[in-house]
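Residue numbers (my numbering), protein chains in the order written: chain A, 2 to 316; chain B, 2 to 316; chain C, 2 to 316.
Incorrect hints may appear among the rest.
To be verified - Below are the BS3-like pairs computed for lysine-lysine, each with C-alpha atoms no more than 30 Å apart in a straight line:
| # | chain 1 | residue 1 | chain 2 | residue 2 |
| --- | --- | --- | --- | --- |
| 1 | C | Lys-306 | C | Lys-41 |
| 2 | C | Lys-306 | C | Lys-291 |
| 3 | B | Lys-185 | C | Lys-122 |
| 4 | A | Lys-306 | C | Lys-42 |
| 5 | C | Lys-306 | C | Lys-251 |
| 6 | A | Lys-291 | A | Lys-3 |
| 7 | B | Lys-185 | A | Lys-313 |
| 8 | C | Lys-86 | B | Lys-185 |
| 9 | B | Lys-251 | B | Lys-313 |
| 10 | C | Lys-3 | B | Lys-316 |
| 11 | A | Lys-306 | C | Lys-3 |
| 12 | C | Lys-284 | C | Lys-316 |
| 13 | C | Lys-291 | B | Lys-107 |
| 14 | C | Lys-306 | A | Lys-313 |
| 15 | A | Lys-291 | A | Lys-306 |
| 16 | B | Lys-306 | A | Lys-313 |
| 17 | C | Lys-59 | B | Lys-179 |
| 18 | B | Lys-86 | C | Lys-3 |
| 19 | A | Lys-212 | A | Lys-45 |
| 20 | B | Lys-182 | C | Lys-290 |
| 21 | B | Lys-67 | B | Lys-3 |
| 22 | A | Lys-306 | A | Lys-212 |
| 23 | B | Lys-41 | A | Lys-107 |
| 24 | B | Lys-107 | B | Lys-3 |
| 25 | A | Lys-41 | A | Lys-185 |
| 26 | C | Lys-122 | C | Lys-3 |
| 27 | A | Lys-284 | B | Lys-51 |
| 28 | B | Lys-182 | A | Lys-251 |
| 29 | B | Lys-251 | B | Lys-107 |
| 30 | C | Lys-45 | C | Lys-59 |
| 31 | A | Lys-291 | C | Lys-179 |
| 32 | B | Lys-179 | A | Lys-290 |
| 33 | B | Lys-107 | B | Lys-42 |
| 34 | C | Lys-45 | B | Lys-41 |
| 35 | C | Lys-45 | A | Lys-122 |
| 36 | A | Lys-313 | B | Lys-316 |
| 37 | A | Lys-306 | A | Lys-3 |
| 38 | A | Lys-306 | A | Lys-42 |
| 39 | C | Lys-41 | B | Lys-284 |
Note that these hints are calculated values from the structure, not bench results.
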Amino acid sequence: MKLSAICEHINISCESELEISGLNTLIDSNENELTFLQNKKYLKDLENTKAAAVLVHKDFENLVPKNTIALVCEEPYLTLAHISKLFAPEVIETHGEDCVVGIGSKVMPNVYLGYNSTIGKNCNIMAGAYIGDNVTIGDNTTIYPNVTIYRDCNIGSDCIIHAGTVIGSDGFGFANTKDGKYIKIYQNGNVEIGNDVEIGANCTIDRAVFKSTIIKDGVRLDNLVHIGHNCILGNGCILTGQVGLSGSTKLNEYVIMGGQSATAGHLEIAPFTTIAARGGVTKSITEPKKSWAGFPLMDHREWLKLQGRIAKLLK
Amino acid sequence: MKLSAICEHINISCESELEISGLNTLIDSNENELTFLQNKKYLKDLENTKAAAVLVHKDFENLVPKNTIALVCEEPYLTLAHISKLFAPEVIETHGEDCVVGIGSKVMPNVYLGYNSTIGKNCNIMAGAYIGDNVTIGDNTTIYPNVTIYRDCNIGSDCIIHAGTVIGSDGFGFANTKDGKYIKIYQNGNVEIGNDVEIGANCTIDRAVFKSTIIKDGVRLDNLVHIGHNCILGNGCILTGQVGLSGSTKLNEYVIMGGQSATAGHLEIAPFTTIAARGGVTKSITEPKKSWAGFPLMDHREWLKLQGRIAKLLK
Amino acid sequence: MKLSAICEHINISCESELEISGLNTLIDSNENELTFLQNKKYLKDLENTKAAAVLVHKDFENLVPKNTIALVCEEPYLTLAHISKLFAPEVIETHGEDCVVGIGSKVMPNVYLGYNSTIGKNCNIMAGAYIGDNVTIGDNTTIYPNVTIYRDCNIGSDCIIHAGTVIGSDGFGFANTKDGKYIKIYQNGNVEIGNDVEIGANCTIDRAVFKSTIIKDGVRLDNLVHIGHNCILGNGCILTGQVGLSGSTKLNEYVIMGGQSATAGHLEIAPFTTIAARGGVTKSITEPKKSWAGFPLMDHREWLKLQGRIAKLLK
Numbered sequence: 002m003k004l005s006a007i008c009e010h011i012n013i014s015c016e017s018e019l020e021i022s023g024l025n026t027l028i029d030s031n032e033n034e035l036t037f038l039q040n041k042k043y044l045k046d047l048e049n050t051k052a053a054a055v056l057v058h059k060d061f062e063n064l065v066p067k068n069t070i071a072l073v074c075e076e077p078y079l080t081l082a083h084i085s086k087l088f089a090p091e092v093i094e095t096h097g098e099d100c101v102v103g104i105g106s107k108v109m110p111n112v113y114l115g116y117n118s119t120i121g122k123n124c125n126i127m128a129g130a131y132i133g134d135n136v137t138i139g140d141n142t143t144i145y146p147n148v149t150i151y152r153d154c155n156i157g158s159d160c161i162i163h164a165g166t167v168i169g170s171d172g173f174g175f176a177n178t179k180d181g182k183y184i185k186i187y188q189n190g191n192v193e194i195g196n197d198v199e200i201g202a203n204c205t206i207d208r209a210v211f212k213s214t215i216i217k218d219g220v221r222l223d224n225l226v227h228i229g230h231n232c233i234l235g236n237g238c239i240l241t242g243q244v245g246l247s248g249s250t251k252l253n254e255y256v257i258m259g260g261q262s263a264t265a266g267h268l269e270i271a272p273f274t275t276i277a278a279r280g281g282v283t284k285s286i287t288e289p290k291k292s293w294a295g296f297p298l299m300d301h302r303e304w305l306k307l308q309g310r311i312a313k314l315l316k
Numbered sequence: 002m003k004l005s006a007i008c009e010h011i012n013i014s015c016e017s018e019l020e021i022s023g024l025n026t027l028i029d030s031n032e033n034e035l036t037f038l039q040n041k042k043y044l045k046d047l048e049n050t051k052a053a054a055v056l057v058h059k060d061f062e063n064l065v066p067k068n069t070i071a072l073v074c075e076e077p078y079l080t081l082a083h084i085s086k087l088f089a090p091e092v093i094e095t096h097g098e099d100c101v102v103g104i105g106s107k108v109m110p111n112v113y114l115g116y117n118s119t120i121g122k123n124c125n126i127m128a129g130a131y132i133g134d135n136v137t138i139g140d141n142t143t144i145y146p147n148v149t150i151y152r153d154c155n156i157g158s159d160c161i162i163h164a165g166t167v168i169g170s171d172g173f174g175f176a177n178t179k180d181g182k183y184i185k186i187y188q189n190g191n192v193e194i195g196n197d198v199e200i201g202a203n204c205t206i207d208r209a210v211f212k213s214t215i216i217k218d219g220v221r222l223d224n225l226v227h228i229g230h231n232c233i234l235g236n237g238c239i240l241t242g243q244v245g246l247s248g249s250t251k252l253n254e255y256v257i258m259g260g261q262s263a264t265a266g267h268l269e270i271a272p273f274t275t276i277a278a279r280g281g282v283t284k285s286i287t288e289p290k291k292s293w294a295g296f297p298l299m300d301h302r303e304w305l306k307l308q309g310r311i312a313k314l315l316k
Numbered sequence: 002m003k004l005s006a007i008c009e010h011i012n013i014s015c016e017s018e019l020e021i022s023g024l025n026t027l028i029d030s031n032e033n034e035l036t037f038l039q040n041k042k043y044l045k046d047l048e049n050t051k052a053a054a055v056l057v058h059k060d061f062e063n064l065v066p067k068n069t070i071a072l073v074c075e076e077p078y079l080t081l082a083h084i085s086k087l088f089a090p091e092v093i094e095t096h097g098e099d100c101v102v103g104i105g106s107k108v109m110p111n112v113y114l115g116y117n118s119t120i121g122k123n124c125n126i127m128a129g130a131y132i133g134d135n136v137t138i139g140d141n142t143t144i145y146p147n148v149t150i151y152r153d154c155n156i157g158s159d160c161i162i163h164a165g166t167v168i169g170s171d172g173f174g175f176a177n178t179k180d181g182k183y184i185k186i187y188q189n190g191n192v193e194i195g196n197d198v199e200i201g202a203n204c205t206i207d208r209a210v211f212k213s214t215i216i217k218d219g220v221r222l223d224n225l226v227h228i229g230h231n232c233i234l235g236n237g238c239i240l241t242g243q244v245g246l247s248g249s250t251k252l253n254e255y256v257i258m259g260g261q262s263a264t265a266g267h268l269e270i271a272p273f274t275t276i277a278a279r280g281g282v283t284k285s286i287t288e289p290k291k292s293w294a295g296f297p298l299m300d301h302r303e304w305l306k307l308q309g310r311i312a313k314l315l316k
């Protein structure tokens, strides 16, 4: 889409005929992408962005690099929301190439196979499963009944996805208007799931707003686990029942999270960390191989000791 | 159904040929409805009820208004449970008018469209969705795959309902018998969802026991959110992942609830209230625009201070 | 399957032509089953096992009863994982007897009925439901839309299972290899649900690794409840919204668990116990009819008192 057409949509004057391929963050944008600055803590990223153009408040226009076009507006995030819709594909595609199904794969009745999708060899796609458009599934993967895989998501080989799980639903993102409306940030990214991943029943894994929500090889998710948009789960992470990860949580490899534990968003957890059941992680954990518990979170042994001290208050 | 027929079912003697249209609370019943008094704290409501008839213990028979027929019984709530079944429609309808689908709406394969239902213009109804009988959906609404909408529910325009979500499942209600059985209170109400509402994946929104569970305009629900029967969510409320509302919770407009927070039932939360992640609300909040945290719930800043004090117990 | 064939698969030398019917625990194995000892706390069970053969570390070989064949290996649990796959049936059956549907039962469109399954009289099987192979359902039971019932599970009469619920998904079990891989323990057990059970929307009930996950008569589950593998719920248990039970939790009759409460695994809760909302049970409860709250769990009244004492820390 031409930058001039985008700008017309948002009532910003701009003649550029540059072709914009999509939206992205300041730091990840390439020279064909459009980005935005909403929060001052990303000013450094603004100065280093390679984006074709940036939505920016006039106060920071002077910091925009010379190869990037400044699109000055009052509310960059809200403007981004309006633009995001322009890049959203049709919800229901009505044409494309028929899904390709590999040798040895079984597809049960009442399955929907989207356009331009590919399923590998020796897979089981069970009744009621929905495989969206432009999805790829590797070899030897089982999709249990009534699983929904939204468009553009990729699933590896040797995976098992249990019934009712939803992969690629929209992340929870919107911008506020002054009169109390929420304008949807269309979630134009996807979900990428590696090999040898098992996902329990009725989990939800949201697609990324830009780029990908990523579940790496060997991950195990129990039932009713919620993974927000743009999370990254490293190799071998284990999340037990009813765990919830807010958006943009990064778990390094072999993080283990106990039942009903959760994270706030935009944080990173060091490799081989263990979070006990009900632990609530609100800050990044940088030291690997430690065990944590509680909410607020603390060293697991300290938490146990603290519970003893608290109980003494009854005496 | 004639009152005499209802009474015959529960072995109460009553000759009245009054036509009873349904069940309702003391305060909301009209002159064609049947109600009950179980809990003494509603005695005032009994005195003011406009109901056609009331199930009531003999101790309170004298408080029944003169235009209301007193149906005296030992266990009014249990008796109500038995009656509720009489008003429950067939689970599977076998005839009625075909669903009307508006211009520009796309209905994918493997969708079930119930009798006497109406879908507006430019909607997307995706594969595996179940649209029950007597449902209405407005314009421009997207129902993602494997969503279930039970009978009698109404969804507005410009809504998005993500995959696997269930709308209109039965509220959690039953009466106990003395020998340890649970008698179902049939949930003969419905769910009413306004315009511009987005609901995440694998949420559950229960239908009301009487009247409606209500989600007003502009509400945003994240994934795996549970809304009990007869809840009311005001305009613009935001509930993030894994929030749970017990039955008859009323959120006024623009209440924001953080991840895994929850409410006990039968309480009301003032407008523009913020409940932090994991907050547990057990009493009504009357003052608007405040932030709360913890379980038991307290002022958010107090909670932060308290956590500091608690941590000092380790010293 | 012949024991010699099993042993060949795991590179243990064994000539026995004994026919092994399946895997089981030390204590529950019969003379046709294979078992394992991983944890020293089960040494007593080893001495009393009736199993045909046992996977055992060489340190404990001498404790194996004389009628049981010792299969000596370095990592019995991991070896068990490898063997479990041999006993897993095909994910998608391609032949068998057609499902038998009783008189008066209604089966809607888009339902999958598995081979060798039986549905009783006057049932409602709604659109999008998946009834796996070798499933039995009693009389007068309603299966709402998009419910998934995995193979081999049994549901009683007079049950109601709400939309999106998954019954019989795999329990969360795997053995670790030294190089950080997880080897699936195939969950070859099932789920047994009694009569007069109502299960809310989007619940997940995992099948047992061996034998059965059991939900007895009269149980009521609210929405989004998670039941781990091998749990047993006694008659009349009530679990409200978003409760989570870890594997091998045993609830005796009439246990009530409030919203978002949870249990650690391998524990037992006495009859008529009440766990308040958010209660976290980490040890068995042996005394019946008590009320508990908090995490760590304590007597409910003590918990209330403790919260008062904690609040005083702010003064």
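Hints, verified against the model:
1. Between Lys-306 of chain C and Lys-41 of chain C the CA atoms are separated by roughly 41 Å; this puts the pair beyond 30 Å, and the hint is violated.
2. Taking the CA atoms of Lys-306 of chain C and Lys-291 of chain C, the gap is near 16 Å; set against the 30 Å cutoff, the hint holds.
3. Proposed proximity of Lys-185 of chain B and Lys-122 of chain C is supported: the alpha carbons are some 21 Å apart, at most 30 Å.
4. About 26 Å separates the Cα atoms of Lys-306 of chain A and Lys-42 of chain C, which keeps this hinted pair within 30 Å; it holds.
5. Proximity of Lys-306 of chain C to Lys-251 of chain C is assessed by CA-CA distance (about 29 Å); at most 30 Å being required, the pair is judged to hold.
6. About 50 Å separates the Cα atoms of Lys-291 of chain A and Lys-3 of chain A, which puts this hinted pair outside 30 Å; it is violated.
7. Between Lys-185 of chain B and Lys-313 of chain A the alpha-carbon distance is near 44 Å, which puts this suggested pair outside the 30 Å criterion.
8. Of the pairs offered as hints, the one joining Lys-86 of chain C and Lys-185 of chain B is violated, with about 42 Å between alpha carbons and a cut-off of 30 Å exceeded.
9. A C-alpha spacing of about 37 Å is found between Lys-251 of chain B and Lys-313 of chain B, which places the hinted pair above 30 Å, so the restraint is violated.
10. For a cut-off of 30 Å, the pair hint linking Lys-3 of chain C to Lys-316 of chain B is broken: about 62 Å separates their Cα positions.
11. Note on Lys-306 of chain A and Lys-3 of chain C: the hinted pairing is violated, with a Cα-Cα distance of about 52 Å set against a maximum of 30 Å.
12. At most 30 Å may separate the alpha-carbon atoms for a hinted pair to count; Lys-284 of chain C and Lys-316 of chain C exceed this at roughly 34 Å.
13. Distance restraint check for Lys-291 of chain C and Lys-107 of chain B: the Cα-Cα separation of roughly 55 Å exceeds the 30 Å cut-off, and the hinted pair is therefore not satisfied.
14. For the proposed pair Lys-306 of chain C and Lys-313 of chain A, the alpha carbon gap of about 12 Å is at most 30 Å, so the pair holds.
15. Restraint check for Lys-291 of chain A and Lys-306 of chain A: satisfied, since their Cα atoms lie roughly 16 Å apart, inside the 30 Å limit.
16. Distance hint between Lys-306 of chain B and Lys-313 of chain A is fulfilled; the C-alpha atoms sit about 20 Å from each other, no more than 30 Å.
17. For the suggested pair Lys-59 of chain C and Lys-179 of chain B, the alpha carbons sit about 57 Å apart, so the restraint of at most 30 Å is broken.
18. Among the hinted pairs, Lys-86 of chain B with Lys-3 of chain C is inconsistent with the structure: their alpha-carbon atoms are about 55 Å apart, more than 30 Å.
19. Distance restraint check for Lys-212 of chain A and Lys-45 of chain A: the Cα-Cα separation of roughly 21 Å lies within the 30 Å cut-off, and the hinted pair is therefore satisfied.
20. Only pairs whose Cα atoms come within 30 Å are accepted, and Lys-182 of chain B paired with Lys-290 of chain C is accepted, the gap being roughly 18 Å.
21. Between the alpha carbons of Lys-67 of chain B and Lys-3 of chain B the distance comes to roughly 20 Å, so the proposed pair stays at or under 30 Å and holds.
22. Proposed proximity of Lys-306 of chain A and Lys-212 of chain A is contradicted: the alpha carbons are some 43 Å apart, above 30 Å.
23. Annotation: proposed proximity of Lys-41 of chain B to Lys-107 of chain A is violated, straight-line Cα distance about 61 Å (limit 30 Å).
24. Between Lys-107 of chain B and Lys-3 of chain B the alpha-carbon distance is near 43 Å, which puts this suggested pair outside the 30 Å criterion.
25. For the hint linking Lys-41 of chain A to Lys-185 of chain A, the alpha-carbon distance of about 22 Å falls within 30 Å, and the restraint holds.
26. With a C-alpha separation of about 40 Å, the suggested pairing of Lys-122 of chain C with Lys-3 of chain C is violated against the 30 Å cut-off.
27. At roughly 56 Å between alpha-carbon atoms, Lys-284 of chain A and Lys-51 of chain B are farther apart than 30 Å, so this suggested pair is violated.
28. For the suggested pair Lys-182 of chain B and Lys-251 of chain A, the alpha carbons sit about 48 Å apart, so the restraint of at most 30 Å is broken.
29. Between Lys-251 of chain B and Lys-107 of chain B, the direct Cα distance comes to roughly 35 Å. Violation of the 30 Å bound is thereby established for this hinted pair.
30. This hinted pair checks out: Lys-45 of chain C and Lys-59 of chain C have alpha carbons roughly 16 Å apart, not beyond 30 Å.
31. Using a Cα cut-off of 30 Å, the hinted pair Lys-291 of chain A and Lys-179 of chain C holds, with the two alpha carbons roughly 20 Å apart.
32. Pair hint Lys-179 of chain B plus Lys-290 of chain A does not hold up; C-alpha atoms about 54 Å apart against a cutoff of 30 Å.
33. With a C-alpha separation of about 51 Å, the suggested pair Lys-107 of chain B and Lys-42 of chain B falls outside the 30 Å cut-off, and the hint is violated.
34. The suggested pairing of Lys-45 of chain C with Lys-41 of chain B is violated, with an alpha-carbon distance near 57 Å, which exceeds 30 Å.
35. Taken as a hint, the Lys-45 of chain C and Lys-122 of chain A pair is broken in the structure, with Cα atoms around 46 Å apart against an allowance of 30 Å.
36. About 14 Å separates the Cα atoms of Lys-313 of chain A and Lys-316 of chain B, which keeps this hinted pair within 30 Å; it holds.
37. With a C-alpha separation of about 61 Å, the suggested pair Lys-306 of chain A and Lys-3 of chain A falls outside the 30 Å cut-off, and the hint is violated.
38. In summary, the hint linking Lys-306 of chain A to Lys-42 of chain A is not supported, as the alpha carbons are separated by about 38 Å, beyond the 30 Å threshold.
39. Restraint check: the Cα-Cα separation between Lys-41 of chain C and Lys-284 of chain B comes to about 49 Å, which exceeds 30 Å; the hinted pair is violated.
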